[in-house]
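There are 4 protein chains.
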Amino acid sequence: MDEMLMMGREVLAEQPFSVLIGAELLKFSVGSAELKVPVKRELQQQHGFLHGGVVSYAADNALTYVGGSVLGPAVVTAEFKINYVRPALGDCIVARAEAVYVGKSQAVCRCEVFAVAGEKESLCAVAQGTITKIGRSESRSEG
Amino acid sequence: MDEMLMMGREVLAEQPFSVLIGAELLKFSVGSAELKVPVKRELQQQHGFLHGGVVSYAADNALTYVGGSVLGPAVVTAEFKINYVRPALGDCIVARAEAVYVGKSQAVCRCEVFAVAGEKESLCAVAQGTITKIGRSESRSEG
Amino acid sequence: MDEMLMMGREVLAEQPFSVLIGAELLKFSVGSAELKVPVKRELQQQHGFLHGGVVSYAADNALTYVGGSVLGPAVVTAEFKINYVRPALGDCIVARAEAVYVGKSQAVCRCEVFAVAGEKESLCAVAQGTITKIGRSESRSEG
Amino acid sequence: MDEMLMMGREVLAEQPFSVLIGAELLKFSVGSAELKVPVKRELQQQHGFLHGGVVSYAADNALTYVGGSVLGPAVVTAEFKINYVRPALGDCIVARAEAVYVGKSQAVCRCEVFAVAGEKESLCAVAQGTITKIGRSESRSEG
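Chains as they are written, first to last, in our numbering: chain D, 1 to 143; chain W, 1001 to 1143; chain S, 2001 to 2143; chain Y, 3001 to 3143.
What the hints contain is simulated information worked out from the structure, not anything from laboratory work. The hints are all genuine.
Below are the EDC-like pairs computed for lysine to aspartate or glutamate, each with C-alpha atoms no more than 20 Å apart in a straight line: (1) D:Lys36 with D:Glu98; (2) Y:Lys3036 with S:Glu2042; (3) Y:Lys3040 with S:Glu2014; (4) D:Lys40 with W:Glu1014; (5) D:Lys36 with W:Glu1042.
Looking at chain D on its own, in the form it has when it is part of the complex (with noise of 0.2 Å):
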C-alpha cells in the first residue's frame, strides 16, 4: 500500500464516526479519493435502504479527502450540496470524489456515490462542494 493511502486510512481510524459506520478509504491519490460503506442494518432507515445520512457522510468524507489530497491535510468541507438519485441498497456503498478546481486555500470538488451489489454498480447519489484549508480564517465543522 503506498505511503498516502496509508496516511488516509490513519486519519479514517481516528474519525470514530467512520469507524462507527465502518467506512473505508479503498483510493487515495493526489485529486482523487474513493471511500466504501457497508450496507448493514444498523445504517439503515425504515426502508431497509441506507439512510440518506449516511450517503451524505460517504459524500462529504470523500470530498473532504479529496480537497485534503490537494490542499493538505488541514482542511474541512466548506459546504456542499447533495441529490439522491436512487435508494443505496447492496453490499456496500462506494464515494468517488475528485477535485475540479484547486486554489490557494480552497477546492472544488465533485463526488458521485455508487451502491454496489456484487458486480453491479449502480448511481445514487451526485455532490459538490467547496473544501478549504484551516487555520486561514473562521473554524468550520470539521470531518
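Dock chains W, S and Y against the given chain D, drawing on the hints supplied.
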C-alpha cells in the same frame, strides 16, 4: 405529547441509523420540525468536534420530517445543500427545519443546526433542500 | 436616502449588466439587502415568464450585496444554490437577502425572491450561498 | 446542422433574455449541451469581468437544455448550485452540460463553464442541478 410528535417519534425509532446516532425528535408540527443529536465520543471526528456527517444527517433528517409534515409521510429528501459555519461542540446539536414553499408533490425547506452548550446556542450549519413525495415518480434514497 | 443605500446604488450603476437588466437597489443596510428587477419582455423566456437566469441574477446579486454589507465592499459570491418554486410573472421581482452567519472572511447568506403583481407577492425562488472577501485568496467571478 | 441542434436553436431564439445576452447553442445532443455567451461590455460587472449573473444564466440554461435532451422539451430547472472558481474574462464563455442521472420525470445534470480566450480555456464555474418535466406537477420558473 401530541399525536403528530408521537407518530414522528415512532418513525424515528424505526430508523436503525437514527437509533445508532441517538437522535431525538423534539418538536413536530405542520411546517416545522426539531431534531436533537447528542454530542458523544463515537460521533466525533479526529479533532473532537461532532463529525460533519452527523451534522448533515441531522439537517437532512429534519428536512425530511418537515417535508413530511406538509406533504404526508411518504417523502424523501431529493436534494439538499449545507453550509457548515462553526465546529459542533457542546452537549448536543439541534436541527430546526421549516417549510418555505409547499407544492403538490414537492416542498422546499430550510434548516438551521445549532450547537447547544448549557444555555448557549451557536449556529453551526445552514441547509436548504427539496423534499419530494414518493410513489409519484422514480424512487430515491429515503431517510 | 441614507449613505449606505446611496453607495450601494452607485456600485449597481457601475455594473453594466445590472443596468442592462434594469435592476434597482431598494434597501441596503447591515445584514439586509433588497433588489428589484422589472418584468419586461426582453427578460423573459419562451413562455412569457421571467427567465430563470434573471431570477438567479437577482438572487446572486442580492446575496453579494448583503455579504458586502457585513464583510466590506470587496466581496464576491463564491457559490450559491437556488430553488425555483414558481414562475416569475407580474410587475417585477424583489430579491430580499439576509446574512445568517458572518465570519472574518466569509458570510453565509440567504435570499428569497418574490414576484410582485400589484399588492400581491408570491415567493418564486429561495437561495443560499457563501460570500467571500476578495484580496485574501484566489480571485473568483465577481458580481 | 442536425435536426436536434436546429430545434434547440429555435427555442433559444424564442427566449428574449437569451437573445438579449447573445447566447448561442453550439452543440445539442442526447445527454449533452453546449452554450456560448460572448464577453461584451454590457454583460460585465464593475471590475470588467463577466457578471456572475451571466455565468449562472449560462449554467442554468445549459442545464435546462441537457435536461430537455433526455426528458423531452417541456422541462424546467427546478434547482441548481453553482461554484464560481475564476473571474470570467476573454472572448466568450462556454457552458458544457451533461446528464448524470435520468429518471422518469427528473434528471440530475452537471455543467462546467469555461472562459475562452483565443485557444485557451479556463474553468470559471461548476454547477449541478435538477431538471424536471413540467405538466406533471406544480409549475416552476422556466428557462
